[in-house]
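Peer 1: Sequence:
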Amino acid sequence: MKDKRSDNGGELSSIATLRARARKHIESGAVTEAYAADRDTVLRLLNEALATEIVCTLRYRRHYFMADGVQAEAVKEEFLTHALEEQGHADLIAARIVQLEGEPNFDPRGLAERSHAEYVAGNSLDDMIREDLVAERVAIDSYKEMITYIGPRDPTTKRMLEEILAKEEEHAEDLSSMLAEVKPRSQSERLAR
-9 MKDKRSDNGG ELSSIATLRA RARKHIESGA VTEAYAADRD TVLRLLNEAL
41 ATEIVCTLRY RRHYFMADGV QAEAVKEEFL THALEEQGHA DLIAARIVQL
91 EGEPNFDPRG LAERSHAEYV AGNSLDDMIR EDLVAERVAI DSYKEMITYI
141 GPRDPTTKRM LEEILAKEEE HAEDLSSMLA EVKPRSQSER LAR
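If you count by our numbering, then the sequence shown holds residues -9 to 183, one letter each, in order.
FYI, nobody ran anything at the bench for these hints, they're computed from the structure.
Among the hints, erroneous ones may be present.
Quick list of in silico lysine-lysine cross-link-like pairs, DSS-like style, CA-CA up to 27 Å [said to hold, decoys possible]: (1) K148 - K134; (2) K134 - K157; (3) K14 - K148; (4) K157 - K66.
Restraint-style ranges between C-beta atoms, simulated for each label pair [unchecked claim]: (5) A20 - Y139: 14 to 22 Å; (6) V60 - V21: 25 to 33 Å; (7) A12 - R99: 38 to 46 Å; (8) T7 - D81: 16 to 24 Å; (9) R99 - S167: 34 to 42 Å.
Small disclaimer: the values here were computed from a predicted structure and weren't measured.
Heads up, the beta-carbon is just placed ideally off N, CA and C, and yes, glycines get one too.
Take the sequences, apply the hints, and build the full model.
Peer 2: And the structure:
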């Protein structure tokens, strides 16, 4: 059977063609001949995103343990929730790197340099929320740029990044709301600690 055109002008392969292509380069797993993205660039971007998620996880965990004061209890729980969600993002990204025949870079050396977001400890609850919000805004812009770059050439990676982006936007909204509720401590209150 010959290959046909679909109604929208795209090519549709015959069953025989699909089967023959699947047998070629079988050792490549999920990366087929139809993979249209620059795999090396996608792997580099994904490893940068992995580093970003790890740094964000670590920063949120620190903030969870270091937050104190009357206003801190509800915020601490949000920090912990965000830390767990960031770790989940890291796991998704690492799994996708492996699917694309890459190696997820978990090496702590250079982690901060590979990350798009910075690890800033923050000295007060207000500072912690602000730093987390800055990091989420960095992640949002980074993911938007990656999604645009990848476009239709790697729909699986694009879809994964879009799902992570939606969660990062939710985190930013949570943090923005918390920031409006948390009263910053004065310089004298900080020094009294």
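Peer 1: It remains to establish, for every hint, whether it holds in the given structure.
Peer 2: Evaluation of the provided hints:
no., hint, verdict
1, K148 - K134, "holds, 10 Å"
2, K134 - K157, "holds, 13 Å"
3, K14 - K148, "holds, 25 Å"
4, K157 - K66, "holds, 18 Å"
5, A20 - Y139: 14 to 22 Å, "holds, 20 Å"
6, V60 - V21: 25 to 33 Å, "violated, 53 Å"
7, A12 - R99: 38 to 46 Å, "holds, 40 Å"
8, T7 - D81: 16 to 24 Å, "violated, 35 Å"
9, R99 - S167: 34 to 42 Å, "holds, 37 Å"
Going through the hint list in order, the structure does not satisfy hints 6, 8.
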